[in-house]
Structures are given as structure tokens and as C-alpha cells.
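J.: Protein chains in written order, with the UniProt record's numbering: chain H, 1 to 452; chain L, 1 to 452.
No lab work stands behind these hints: they were computed from the structure. The reader is advised that the hints may include incorrect statements.
One copy or two, it doesn't matter: identical chains are merged, so the pair holds either way.
To be verified - With a straight-line Cα cutoff of 25 Å, these simulated DMTMM-like cross-link-like pairs (lysine to aspartate or glutamate) come out:
no., residue 1, residue 2
1, Lys245, Glu233
2, Lys264, Glu13
3, Lys291, Glu233
4, Lys264, Glu237
Number of protein chains: 2
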Amino acid sequence: MSLLQRFQQYISENHLFSSGDPLLLAVSGGIDSVVLCELCKQAGYSFIIAHCNFKLRGAESERDADFVQQLAQNYQVPFLKKEFDTAAFAEKNKLSIQEAARELRYSWFEEILKSENISALCPLPSALLTAHHLDDNIETMLMHFFRGTGIHGLRGMLPRQGHVVRPLLFARKQELKQFATANNLAWVEDSSNALDKYSRNYFRNQLIPLVQHIYPEAENNLVGNLRRFADMEQLYEQALALHKKKLLEFKGEEVHIPILKLQKSEPLHAIVYEIIKEVGFSAAQVEEVIKLLGSESGRYVQSATHRIIKNRRWLIIAPVKAEQSQTLVIDADEERIVFENGALALTQLKSTNVQLVNDPAIALIDKSTLQFPLLLRKWKKGDYFYPLGLKKKKKLARFFIDQKLSMTDKEKVWVLESNKKILWVVGQRIDDRFKITDSTKQVLRIQLTNNS
Amino acid sequence: MSLLQRFQQYISENHLFSSGDPLLLAVSGGIDSVVLCELCKQAGYSFIIAHCNFKLRGAESERDADFVQQLAQNYQVPFLKKEFDTAAFAEKNKLSIQEAARELRYSWFEEILKSENISALCPLPSALLTAHHLDDNIETMLMHFFRGTGIHGLRGMLPRQGHVVRPLLFARKQELKQFATANNLAWVEDSSNALDKYSRNYFRNQLIPLVQHIYPEAENNLVGNLRRFADMEQLYEQALALHKKKLLEFKGEEVHIPILKLQKSEPLHAIVYEIIKEVGFSAAQVEEVIKLLGSESGRYVQSATHRIIKNRRWLIIAPVKAEQSQTLVIDADEERIVFENGALALTQLKSTNVQLVNDPAIALIDKSTLQFPLLLRKWKKGDYFYPLGLKKKKKLARFFIDQKLSMTDKEKVWVLESNKKILWVVGQRIDDRFKITDSTKQVLRIQLTNNS
Numbered sequence: 001m002s003l004l005q006r007f008q009q010y011i012s013e014n015h016l017f018s019s020g021d022p023l024l025l026a027v028s029g030g031i032d033s034v035v036l037c038e039l040c041k042q043a044g045y046s047f048i049i050a051h052c053n054f055k056l057r058g059a060e061s062e063r064d065a066d067f068v069q070q071l072a073q074n075y076q077v078p079f080l081k082k083e084f085d086t087a088a089f090a091e092k093n094k095l096s097i098q099e100a101a102r103e104l105r106y107s108w109f110e111e112i113l114k115s116e117n118i119s120a121l122c123p124l125p126s127a128l129l130t131a132h133h134l135d136d137n138i139e140t141m142l143m144h145f146f147r148g149t150g151i152h153g154l155r156g157m158l159p160r161q162g163h164v165v166r167p168l169l170f171a172r173k174q175e176l177k178q179f180a181t182a183n184n185l186a187w188v189e190d191s192s193n194a195l196d197k198y199s200r201n202y203f204r205n206q207l208i209p210l211v212q213h214i215y216p217e218a219e220n221n222l223v224g225n226l227r228r229f230a231d232m233e234q235l236y237e238q239a240l241a242l243h244k245k246k247l248l249e250f251k252g253e254e255v256h257i258p259i260l261k262l263q264k265s266e267p268l269h270a271i272v273y274e275i276i277k278e279v280g281f282s283a284a285q286v287e288e289v290i291k292l293l294g295s296e297s298g299r300y301v302q303s304a305t306h307r308i309i310k311n312r313r314w315l316i317i318a319p320v321k322a323e324q325s326q327t328l329v330i331d332a333d334e335e336r337i338v339f340e341n342g343a344l345a346l347t348q349l350k351s352t353n354v355q356l357v358n359d360p361a362i363a364l365i366d367k368s369t370l371q372f373p374l375l376l377r378k379w380k381k382g383d384y385f386y387p388l389g390l391k392k393k394k395k396l397a398r399f400f401i402d403q404k405l406s407m408t409d410k411e412k413v414w415v416l417e418s419n420k421k422i423l424w425v426v427g428q429r430i431d432d433r434f435k436i437t438d439s440t441k442q443v444l445r446i447q448l449t450n451n452s
Numbered sequence: 001m002s003l004l005q006r007f008q009q010y011i012s013e014n015h016l017f018s019s020g021d022p023l024l025l026a027v028s029g030g031i032d033s034v035v036l037c038e039l040c041k042q043a044g045y046s047f048i049i050a051h052c053n054f055k056l057r058g059a060e061s062e063r064d065a066d067f068v069q070q071l072a073q074n075y076q077v078p079f080l081k082k083e084f085d086t087a088a089f090a091e092k093n094k095l096s097i098q099e100a101a102r103e104l105r106y107s108w109f110e111e112i113l114k115s116e117n118i119s120a121l122c123p124l125p126s127a128l129l130t131a132h133h134l135d136d137n138i139e140t141m142l143m144h145f146f147r148g149t150g151i152h153g154l155r156g157m158l159p160r161q162g163h164v165v166r167p168l169l170f171a172r173k174q175e176l177k178q179f180a181t182a183n184n185l186a187w188v189e190d191s192s193n194a195l196d197k198y199s200r201n202y203f204r205n206q207l208i209p210l211v212q213h214i215y216p217e218a219e220n221n222l223v224g225n226l227r228r229f230a231d232m233e234q235l236y237e238q239a240l241a242l243h244k245k246k247l248l249e250f251k252g253e254e255v256h257i258p259i260l261k262l263q264k265s266e267p268l269h270a271i272v273y274e275i276i277k278e279v280g281f282s283a284a285q286v287e288e289v290i291k292l293l294g295s296e297s298g299r300y301v302q303s304a305t306h307r308i309i310k311n312r313r314w315l316i317i318a319p320v321k322a323e324q325s326q327t328l329v330i331d332a333d334e335e336r337i338v339f340e341n342g343a344l345a346l347t348q349l350k351s352t353n354v355q356l357v358n359d360p361a362i363a364l365i366d367k368s369t370l371q372f373p374l375l376l377r378k379w380k381k382g383d384y385f386y387p388l389g390l391k392k393k394k395k396l397a398r399f400f401i402d403q404k405l406s407m408t409d410k411e412k413v414w415v416l417e418s419n420k421k422i423l424w425v426v427g428q429r430i431d432d433r434f435k436i437t438d439s440t441k442q443v444l445r446i447q448l449t450n451n452s
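Generate coordinates for the entire structure from the input sequences, incorporating the hints supplied.
T.: Following this line, the structure appears as C-alpha cells:
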């Protein structure tokens with residue numbers, strides 16, 4: 001089969017696009033993208049050529065831009081180009097030149113795919129085609145492998161990821177060269193030896209030949225790996241989806257995970273990782289989250305956007321912005337709960353054993369007045385209670401003014417409530433309705449230990 | 001934590017064995033196995049030392065055997081050794097020296113684990129311990145990776161596989177060296193540079209340092225890979241088990257797979273591979289089996305022990321010995337079926353369109369006499385039919401004698417039956433009860449094409 005036929009077969013087998021779809025081709029002017037243009041032409045696809053000038057190689061950059069413009073003219077297809085001050089963008093955003101170029105490139109392509117202006121030229125392209133080939137993918141796999149990876153890195157690039165389509169991933173570099181020669185194609189050479197290119201070249205020119213001393217078939221073996229690893233990823237994802245279905249309970253903005261069920265799930269490390277990575281946690285935090293399973297209620301691990309909070313028999317994943325409304329549940333048998341300000345220790349006593357103390361960090365509550373579970377939460381506007389010693393209710397906001405609390409102190413106040421009544425403004429004053437009396441039999445003693 | 005503590009932790013976390021279990025230690029006398037002995041001693045385990053003398057390195061082999069014997073004496077533990085003529089065994093069984101040594105070694109160890117004689121010395125050991133460490137496992141993973149592998153090769157060795165336990169897999173080579181030095185241990189050096197050792201050394205001394213030019217953390221990254229890949233394998237196996245449960249129907253010695261369901265299963269290639277590899281098929285045969293899904297009934301792919309046969313809407317995996325009893329099902333709408341001797345083409349005709357022919361390769365049957373499905377199978381002892389033109393039944397064995405069939409011809413004869421009556425001794429004679437008559441309306445014409 002010719003390269004053209006295999007190109008068309010690969011596109012149809014992988015459902016990359018249909019013959020009528022307008023395409024956007026990312027063309028640097030190098031041999032790979034020049035071959036991609038010619039194949040699209042020969043296959044009869046309609047396409048636009050887009051070229052990025054990263055302004056990193058002086059006159060060479062201009063030469064490439066002119067070359068690609070001429071190419072588009074020869075094919076009589078629309079041509080788009082954009083110049084970037086890549087170095088400045090990299091510095092401003094603290095990126096490597098390669099990362100900066102990638103980000104600039106793909107965000108411009110995304111812009112084109114959505115752009116209304118294009119439609120004056122031709123139909124809006126439905127996919128962005130890049131000229132990555134099989135040798136690129138072997139190198140990608142090797143680089144991921146030695147940088148450390150899971151299944152997603154191992155299987156390299158896929159023929160379709162979102163809008164980005166890579167219809168040359170089936171072909172070896174050598175085959176593209178032969179096609180270019182056979183079709184008398186002209187292309188430009190990139191003299192760049194920027195870091196990313198350099199490590200690719202190192203793998204290509206140093207590492208693979210070294211391995212071939214021992215396994216002459218190494219390159220073909222790696223090609224086989226890519227196919228197997230893509231299958232492996234599918235099975236991995238299937239099993240993972242089942243675990244997630246069993247474990248995750250979606251409650252508004254929060255996700256609740258039953259700890260007992262999670263602990264029984266195997267392999268725990270991978271399952272935890274796959275769940276938490278979606279909300280900004282890193283692989284390094286997996287161990288912390290696993291430790292959380294056995295720790296006190298109220299402890300949490302945090303990412304830039306989310307908290308994972310241990311709350312009794314549940315792990316709760318909640319957006320950080322919802323922190324204000326965070327509520328901890330305290331069941332009747334709870335002995336200790338950790339929250340933002342410190343920890344509460346709960347003890348049940350016979351009233352005969354109780355010594356009255358005058359310490360705002362200790363609350364003594366008539367247990368018969370309580371309805372479990374209790375809720376521990378930040379105070380909010382509108383909250384009121386019956387301060388101990390008063391027979392009428394008072395807004396907390398008012399109470400804080402009377403107590404001369406500072407603004408920042410006020411912000412930190414938590415309350416404990418039972419059946420929607422506040423029984424303790426934690427560390428400040430209990431509610432009169434919950435105090436112990438002569439007829440009290442069982443006492444709940446709650447002691448606050450502040451964070452030191 | 002000291003190496004000893006980590007050793008004990010690794011054993012307990014992975015449930016490798018309990019402190020009272022008697023152990024069999026495979027000891028070459030090299031630094032790794034010497035450290036393993038000392039760790040087992042310090043941890044208070046009871047063990048036997050076993051040493052293989054492969055007689056491959058002349059005087060050095062004897063030196064090693066003596067050294068290990070002395071080691072056992074120092075530890076006052078039972079010592080077992082065995083000498084092998086490895087070179088002869090390799091030649092006889094067409095194995096490489098390394099493969100031969102591995103087979104001899106593990107089959108002797110298995111023998112010891114089951115042996116009654118040992119119990120005179122001490123309790124029967126419950127596990128065989130080898131001294132493979134983390135660097136060995138990195139090399140194993142790298143070798144598999146470049147030879148081409150799936151998930152099972154990728155995750156390297158496991159701490160327990162059957163009776164074989166590898167309690168040093170957590171430790172780097174460097175740590176074993178430090179332990180050996182700190183404990184004043186003596187060991188012997190192996191000057192062998194046999195092929196397997198050579199490729200390991202090549203990876204250790206050439207490839208990893210090369211990669212470290214680019215990724216200085218490469219070794220640690222590979223250690224991380226090993227842990228992630230073991231998790232990945234578990235998820236892979238979970239998903240696979242579900243697919244198998246859905247797809248495989250066990251019928252006696254056969255496994256039946258509904259083709260429609262299989263075709264809808266993703267990823268098809270991996271699922272087919274994992275099903276067929278268990279019955280002796282190679283990865284290279286996966287494509288053939290996938291082709292089988294769309295081919296004619298009766299086609300098959302074969303391994304040393306099994307056949308996978310396409311039979312209408314089913315793939316049937318059957319042991320090759322069951323071949324004689326192979327039965328192909330022919331439904332009313334079947335137009336062509338392939339079997340051992342060739343193919344049958346089935347056509348339905350109005351009786352008015354039928355031309356009588358005198359060709360034993362063509363059967364003309366009164367369709368109203370048939371009950372579908374028909375069965376196509378080899379003839380067997382006890383079979384009888386009513387040969388066309390005779391009004392009484394005849395045993396096939398007798399019929400073949402009358403027809404002067406040779407022994408080998410007889411063995412190849414197949415019959416076609418309807419409702420347990422033979423309607424055609426294929427290629428020989430039809431049954432009188434199924435012939436077309438004046439009152440026949442619909443005719444089934446069956447034509448045999450022999451394998452050329």
C-alpha cells in the first residue's frame with residue numbers, strides 16, 4: 001500500500017475526519033509538515049495553512065515564513081501566519097522557550113478554529129492537523145518513560161485529542177522522507193537546537209542506537225509497545241470508571257467518598273491519584289490523602305482549588321471557595337474533632353462527676369437537651385443565640401461588639417449547633433438553653449484546644 | 001530506618017511470609033544473596049541455604065560452592081547443593097545457557113519445596129527466597145520495554161510470584177553494598193559475562209548513565225514507574241476479568257465466544273490477545289483471529305494445543321485432540337461452509353430448475369425432508385445410512401469396504417446429518433430417504449469443492 005493509501009486508511013479507521021471537512025494544517029515548512037500538505041492535497045481534502053513565526057532564529061525564521069507562504073500559494077489554499085515575541089512571553093510567564101512556543105501556538109490555533117473571520121476565506125476548519133509521526137511518538141514515549149510516567153504518558157500521542165488530529169502517527173520518518181523525495185517536494189531545515197529538540201535528538205541519535213546493539217529490533221518493539229499501551233490505557237480507564245462509579249457521590253459542589261469502601265479498593269494508590277488529580281492535586285499528595293483515611297475528623301489536604309476533608313466515615317472533596325460554608329458533623333460517639341482553629345475534645349460525664357469551671361474554652365452541656373448529630377461551622381450573618389445568663393436571644397454580630405472582638409477575631413469564630421440552635425459560640429459563651437441544671441443527669445463536656 | 005527494619009516492613013506489608021515460616025534461600029555466594037542471608041539471620045528467620053553449581057566456570061564454580069557451604073556452616077543452617085551439567089542440558093533441550101540454568105535452578109527448588117527428605121533436616125520450607133533487588137527490577141523493566149512488552153513485562157518482578165518470594169525488591173544495590181560493608185560480610189565475585197548478564201550490565205553501565213545526561217533523576221523516575229505500573233496491571237486485570245466474564249461461555253472442554261459481543265468489545269486487540277494466549281497462541285496470531293470474525297464458518301486458527309474455529313455467530317476454542325468430534329452447524333440460510341476437506345456450497349432451487357447430475361460431489365436433497373440446523377461432522381463407528389438406491393440401512397464401515405476406500409480415505413470422510421439421520425456421506429453417496437422425487441418442490445443443492 002502506498003503512503004497515501006495508508007494515510008487515508010488511518011484517517012478512516014480512526015474516524016479522524018470526513019472527506020468534506022475543512023482542515024487547518026500547522027505547517028512549519030519542515031519535511032514532516034510539507035509531506036502532510038502534499039498528502040492532504042493528493043487525498044483531495046480542502047485545507048488552510050497556518051504558520052507560526054516564533055522569531056527565535058532571526059533570518060531563518062523569516063525564510064521559513066516566506067517558504068510556507070509560497071507553499072500555500074502553490075497549493076492555492078488560504079494562508080494564515082502570526083508572529084510571536086516568544087522570548088518576551090516566556091520571560092513574562094516564567095516558561096521555557098519551548099513551553100512558551102507550545103502555548104502560543106496552540107492558543108492561536110484554538111482562536112482560528114473558533115474565529116468568525118476565517119469563514120470569509122473558507123468554511124470554519126473542524127480540526128487542527130499536526131505532522132507528528134511514529135518516530136516522534138517513540139521519542140515522546142521514551143521521554144515520558146524516563147521522566148517517570150503512568151499509563152497516559154506511556155502511550156504517547158493519540159491520533160485525536162480534542163481538536164488536534166495527528167494523521168501521520170502511523171508513519172515512520174523514513175517513509176516520509178521517501179515520499180518527499182519521490183514527489184520532488186522542497187522543504188526547509190530547522191537549525192534550532194533548543195532544549196526540547198535537543199533531548200528528542202539525544203534519544204533519537206544516542207539512546208536508540210545504543211539499545212539496538214543489544215536488541216536490533218528495538219525500534220519495531222517500541223512501535224508495538226505504543227499500540228499495546230494504547231489498549232492498556234483503555235482497559236485501565238474502564239476499571240477506573242467502575243471504581244469511581246462505586247466510590248463517588250456527587251452532592252452539589254462536593255464529592256463524598258465513603259472511607260471504608262475506598263480502603264477496600266485496590267489498587268488504592270492509583271485510584272486515589274486518578275480521583276484527586278482532577279481537582280488539582282499532585283501525585284506527591286496521594287500519600288497524604290491515604291494518611292487522611294485514618295486520621296481525625298476535620299483534617300484535610302489542600303490543592304490550589306480544592307480541599308479533601310476527613311469527616312467521620314467520609315472523605316469530602318470541596319472547592320476551596322466553599323470553605324466558609326464548611327460544616328463538620330459530630331455524631332454522638334465522636335471523641336475528638338479537628339477544625340480550622342484547633343480541636344474539640346468531647347467527654348460524656350455523669351453530672352455528679354462534673355466540676356464547674358469558669359473557662360470559655362470549656363463548655364458543659366446538658367446532654368438531654370441535645371439532638372445528634374451536632375454541626376460545627378463558621379458563624380454567619382443572622383446567627384443568634386441565648387447567651388448564658390440572659391433569657392433573651394442576641395444576634396452574634398451584636399454579641400461580638402459587646403465582647404469587643406476585633407474584626408479578624410470575629411472572622412475566626414465557629415459555632416456548634418444542635419437541631420438548628422446554637423449551643424456554643426466556640427471558645428466564647430454557651431447558650432442558656434443548653435446549660436446544666438440541678439435536674440441534669442448526663443453532661444457533655446467539650447474542650448477547645450486552640451492551634452498553637 | 002535501617003535496611004533490616006525496611007526488610008521486615010516490606011515483608012509484612014506485602015504479606016510475604018510470617019516470622020515462624022521456614023525459608024529456602026537461593027544463594028550464589030554473590031553480594032546480594034549474602035546480604036539476604038545476613039538479613040534473614042538478623043531478623044531471626046529460620047532458613048535453609050540452597051546452592052546450584054552450574055559447572056560453567058571451572059574452578060570458580062567450585063570456589064563458589066565451597067564458599068556457600070562454609071557460609072551455611074557459619075550460620076549453622078542446613079545446606080543443600082546440586083551440580084548440573086548445564087551445557088549438556090541446554091544442548092539437548094535447545095535452550096540458551098541462561099534459559100537452561102534458569103529451568104534447572106527453579107525445577108530443583110520446586111523439588112526441594114515438595115521434598116519429603118528435607119523434613120529430616122528441618123520443617124519443609126514454605127517459600128523460596130531470591131535476592132533480586134530494585135536495580136535488578138529496573139533492568140528487568142528496561143529489558144522488557146525495549147524487547148517489546150505489555151503490562152505484565154512492564155511492571156517487572158513482583159515481591160511474590162507463586163512460591164518465589166523476593167524480599168529485597170525494595171532495596172537499591174547501593175544499599176546492599178553499604179549493608180555488606182557495615183556488617184563485614186564476605187562474598188564471591190562472579191566473573192561470568194554470559195549473554196543475559198551482559199545485557200543487564202549493558203543497561204546498567206551504558207544506557208542508564210546516558211539517559212542521566214538528560215534526566216539526572218532517571219533512576220528514581222524508573223523506580224516510581226515500577227510502582228505505578230504494578231497498580232496499572234491490577235486495573236488492567238480487573239477490566240479484563242469483566243470482559244472475559246461477559247464473553248466466555250464454558251462448555252465442557254470448549255470455550256464459546258459470541259462474535260457480535262466480541263466485535264463490540266474495546267480494546268479488541270488486547271482482549272483477544274489475553275483470551276487466546278492462555279491456550280498457546282502468540283501475539284502474532286491476534287490479527288488472524290480478528291480476521292476470523294468476518295470469515296466463513298469452519299475456518300480456524302491453530303496453536304500447538306488448541307483451535308479457534310469460526311462457527312456461525314460463535315468463535316469456538318477447542319483442544320486439538322477434540323478435533324475428531326468437531327461439529328459444524330449449518331443453518332437454513334447458510335450459503336457456504338468451510339471444513340477440513342474443502343467447502344460446501346449450498347443453493348436452494350425450485351425442483352423445476354434442477355438438473356440431475358451423476359457427480360458424487362453434488363447432493364440434491366428434497367428440502368421438505370430436512371430439519372435445520374444440519375450438522376457436518378466426521379463419520380464415526382456405528383454410523384449407518386440408507387445408501388441411495390437401497391431400501392435398507394447399511395453401516396458406514398461396511399459401505400466403505402464395498403466402495404474399496406483406503407484406510408486414509410476412510411479417515412477423511414465427513415457426513416452431513418439432519419435430525420440425527422445421515423443425509424449425505426459427503427462426496428460419496430446421499431441417503432435414499434432424502435432424495436428428490438416427483439413430489440419434491442424445493443431442492444437443496446450441495447456442492448463439495450475439495451481442497452486443491
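J.: Between copies, within a copy, both or neither: which fits Lys291 and Glu233 at Cα up to 25 Å?
T.: Answer is between: at 24 Å across copies they meet the 25 Å cutoff, but 28 Å inside does not.
J.: Since the copies are identical, ignore which copy is meant and state whether Lys245 and Glu233 lie within 25 Å (CA to CA) inside a copy, between copies, both or neither.
T.: For Lys245 and Glu233, both the intra-copy (18 Å) and inter-copy (20 Å) Cα distances are at most 25 Å.
J.: Is the C-alpha distance from Lys264 to Glu237 at most 25 Å within one copy, between copies, in both cases, or in neither?
T.: Both: 19 Å inside a copy, 17 Å across copies.
J.: At most 25 Å between C-alpha atoms: does Lys264 with Glu13 qualify within a copy, between copies, both, or neither?
T.: Result: close only across copies, 15 Å inter versus 40 Å intra.
Checked against the numbered hints given earlier, this structure breaks none of them.
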